[in-house]
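A.B. asks: Listed below are the residues making up each chain.
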Amino acid sequence: QKEVEQNSGPLSVPEGAIASLNCTYSDRGSQSFFWYRQYSGKSPELIMFIYSNGDKEDGRFTAQLNKASQYVSLLIRDSQPSDSATYLCAAHSGYSTLTFGKGTMLLVSP
Amino acid sequence: GAVVSQHPSRVICKSGTSVKIECRSLDFQATTMFWYRQFPKQSLMLMATSNEGSKATYEQGVEKDKFLINHASLTLSTLTVTSAHPEDSSFYICSARTRETVNEKLFFGSGTQLSVL
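Those protein sequence lines, which keep their order, are chains R and D.
This note's numbering numbers the first residue of the first sequence as 1 and each following residue consecutively.
This note's numbering numbers the first residue of the second sequence as 1001 and each following residue consecutively.
FYI, nobody ran anything at the bench for these hints, they're computed from the structure.
Honestly, I wouldn't trust all of these hints.
Think about it this way: if two alpha-carbon atoms lie no more than 25 Å apart in a straight line, the pair counts; the simulated BS3-like pairs of lysine-lysine are [as the list claims (entries may be wrong)]: (1) D/K1066 - D/K1105; (2) D/K1014 - R/K42; (3) D/K1105 - R/K42; (4) R/K102 - D/K1105; (5) D/K1066 - D/K1014; (6) R/K102 - D/K1041; (7) R/K2 - R/K67; (8) D/K1055 - D/K1105; (9) D/K1105 - R/K56; (10) D/K1041 - R/K2; (11) R/K2 - D/K1064; (12) R/K42 - R/K102; (13) D/K1014 - D/K1064; (14) D/K1020 - D/K1055; (15) R/K42 - D/K1020; (16) R/K102 - R/K56; (17) R/K67 - D/K1105; (18) R/K42 - D/K1041; (19) D/K1055 - D/K1066; (20) R/K2 - R/K102; (21) D/K1105 - R/K2; (22) R/K102 - R/K67; (23) R/K67 - R/K56; (24) D/K1105 - D/K1041; (25) D/K1066 - D/K1020.
With beta-carbon atoms standing in for the labels, derived distance ranges [as the list claims (entries may be wrong)]: (26) R/N53 - D/K1014: 31 to 37 Å; (27) D/K1020 - R/P14: 43 to 49 Å; (28) R/P14 - D/K1055: 48 to 54 Å; (29) R/R28 - D/F1039: 27 to 33 Å; (30) D/F1028 - R/K56: 40 to 46 Å; (31) R/S82 - D/A1002: 32 to 38 Å; (32) D/S1054 - R/S20: 41 to 47 Å; (33) R/S109 - D/L1068: 42 to 48 Å; (34) D/K1014 - R/Q80: 40 to 46 Å; (35) D/K1014 - R/P14: 32 to 38 Å; (36) D/T1080 - R/L46: 26 to 32 Å; (37) R/P14 - D/R1010: 40 to 46 Å; (38) R/S52 - D/F1028: 23 to 29 Å.
A quick note: this is a predicted structure, and the numbers were derived from the prediction, not measured.
Each residue gets a CB set at the ideal place from its N, CA and C atoms; glycine is no exception.
Model the full structure from these sequences, guided by the hints.
C.D. replies: Here you go:
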């Protein structure tokens, strides 16, 4: 069974700090990985996706992928209170739709 | 990015009634739409995959006669919760697939909070 694991949190960081969100996946056939942000009571929105080993940067966000360790992470630099949300990691194996983790709640304090 | 419109955003209904939720892709053609359910503090759980012009594929444990899915056009899919009961109260989210060269992206509707009394 395909699984995506995330620490539920909450992860608390002060404003301006780097927030590090982690995710592991069980299906070695997974090819691409996604990070979604979900505010309470709202639908998820796509932040980034990554499919190659290494780092991918987009503004304040950096996604990191290590396929050998089956590990994905999302770094948020200069965290802002508006970044406070639940972050969902998802994996795609190509056979079906995405498999989501339960999400990590991030709290950024002013 | 691509826009997916979902409504209603919130529904309160009595037990035993049916509720229809609509999901539209506004600026692209969605050959495949997905319906998810999310209980509080839980992950998104895929309920069914809807392909335009064909029957939906339901995930294990999801009653196809209770959750009716229609995908009659490339821009519209509907989910009807028939004879809703309090245990059906949840956040329902649709998403549509837009495919790039090597990756799959999903764009989500705004979700529907269903409360069954």
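A.B. asks: Compare the structure with each hint and give your call.
C.D. replies: Each hint tested on the structure:
1. Our distance criterion of 25 Å between C-alpha atoms is broken by D/K1066 and D/K1105, whose separation comes to about 28 Å.
2. For the hint linking D/K1014 to R/K42, the alpha-carbon distance of about 24 Å falls within 25 Å, and the restraint holds.
3. Under the criterion of a C-alpha separation no larger than 25 Å, the hint pairing D/K1105 with R/K42 is consistent with the structure, at around 18 Å.
4. As the CA atoms of R/K102 and D/K1105 are separated by approximately 19 Å, the hinted pair is consistent with the 25 Å bound.
5. Under the criterion of a C-alpha separation no larger than 25 Å, the hint pairing D/K1066 with D/K1014 is consistent with the structure, at around 16 Å.
6. With a C-alpha separation of about 8 Å, the suggested pairing of R/K102 with D/K1041 holds against the 25 Å cut-off.
7. Annotation: proposed proximity of R/K2 to R/K67 holds, straight-line Cα distance about 15 Å (limit 25 Å).
8. Simply put, D/K1055 and D/K1105 have alpha-carbon atoms about 22 Å apart, close enough for the 25 Å limit, and the pair holds.
9. Between the alpha carbons of D/K1105 and R/K56 the distance comes to roughly 17 Å, so the proposed pair stays at or under 25 Å and holds.
10. Annotation: proposed proximity of D/K1041 to R/K2 holds, straight-line Cα distance about 20 Å (limit 25 Å).
11. At most 25 Å may separate the alpha-carbon atoms for a hinted pair to count; R/K2 and D/K1064 meet this at roughly 23 Å.
12. The hinted pair formed by R/K42 and R/K102 meets the criterion: a straight-line CA distance of about 15 Å does not exceed 25 Å.
13. Distance restraint check for D/K1014 and D/K1064: the Cα-Cα separation of roughly 21 Å lies within the 25 Å cut-off, and the hinted pair is therefore satisfied.
14. For the hint linking D/K1020 to D/K1055, the alpha-carbon distance of about 17 Å falls within 25 Å, and the restraint holds.
15. With a C-alpha separation of about 19 Å, the suggested pair R/K42 and D/K1020 falls inside the 25 Å cut-off, and the hint holds.
16. Pair hint R/K102 plus R/K56 holds up; C-alpha atoms about 23 Å apart against a cutoff of 25 Å.
17. Between the alpha carbons of R/K67 and D/K1105 the distance comes to roughly 20 Å, so the proposed pair stays at or under 25 Å and holds.
18. With a CA separation close to 13 Å, the supplied pair R/K42 and D/K1041 stays within the 25 Å bound.
19. With a C-alpha separation of about 14 Å, the suggested pairing of D/K1055 with D/K1066 holds against the 25 Å cut-off.
20. Note on R/K2 and R/K102: the hinted pairing holds, with a Cα-Cα distance of about 13 Å set against a maximum of 25 Å.
21. The straight-line distance between the Cα atoms of D/K1105 and R/K2 is roughly 19 Å, inside the 25 Å bound, and the hint therefore holds.
22. For a cut-off of 25 Å, the pair hint linking R/K102 to R/K67 stands: about 20 Å separates their Cα positions.
23. With a CA separation close to 14 Å, the supplied pair R/K67 and R/K56 stays within the 25 Å bound.
24. A threshold of 25 Å between alpha carbons decides the hint, and for D/K1105 with D/K1041 the separation of about 24 Å falls inside it, so the pair holds.
25. Taking the CA atoms of D/K1066 and D/K1020, the gap is near 12 Å; set against the 25 Å cutoff, the hint holds.
26. At roughly 53 Å, the beta-carbon separation of R/N53 and D/K1014 lies outside the given 31 to 37 Å, and the hint is violated.
27. For D/K1020 paired with R/P14, a C-beta distance near 46 Å keeps the hint of 43 to 49 Å intact.
28. At roughly 52 Å, the beta-carbon separation of R/P14 and D/K1055 lies within the given 48 to 54 Å, and the hint holds.
29. For the pair R/R28 and D/F1039, the beta carbons lie near 29 Å from each other, so the given range of 27 to 33 Å is met.
30. Roughly 24 Å separates the CB atoms of D/F1028 and R/K56, a value that falls outside the hinted 40 to 46 Å.
31. For the hinted restraint 32 to 38 Å between R/S82 and D/A1002, the CB-CB distance of approximately 23 Å leaves it violated.
32. A C-beta distance of roughly 43 Å is found between D/S1054 and R/S20, which places it inside the suggested range of 41 to 47 Å.
33. In this structure, R/S109 and D/L1068 meet the distance hint of 42 to 48 Å, their C-beta atoms being roughly 45 Å apart.
34. Here the CB-CB span from D/K1014 to R/Q80 is close to 43 Å, well matched to the stated 40 to 46 Å.
35. Checked against the hint of 32 to 38 Å, the pair D/K1014 and R/P14 fails, with Cβ atoms roughly 47 Å apart.
36. D/T1080 and R/L46 have their C-beta atoms about 27 Å apart, which keeps the hinted 26 to 32 Å range intact.
37. At about 35 Å, the CB distance of R/P14 to D/R1010 disagrees with the hint of 40 to 46 Å.
38. Look at R/S52 against D/F1028: about 26 Å separates their beta carbons, and that is inside 23 to 29 Å.
Of the hints listed earlier, those the structure fails to meet are numbers 1, 26, 30, 31, 35 and 37, in rising order.
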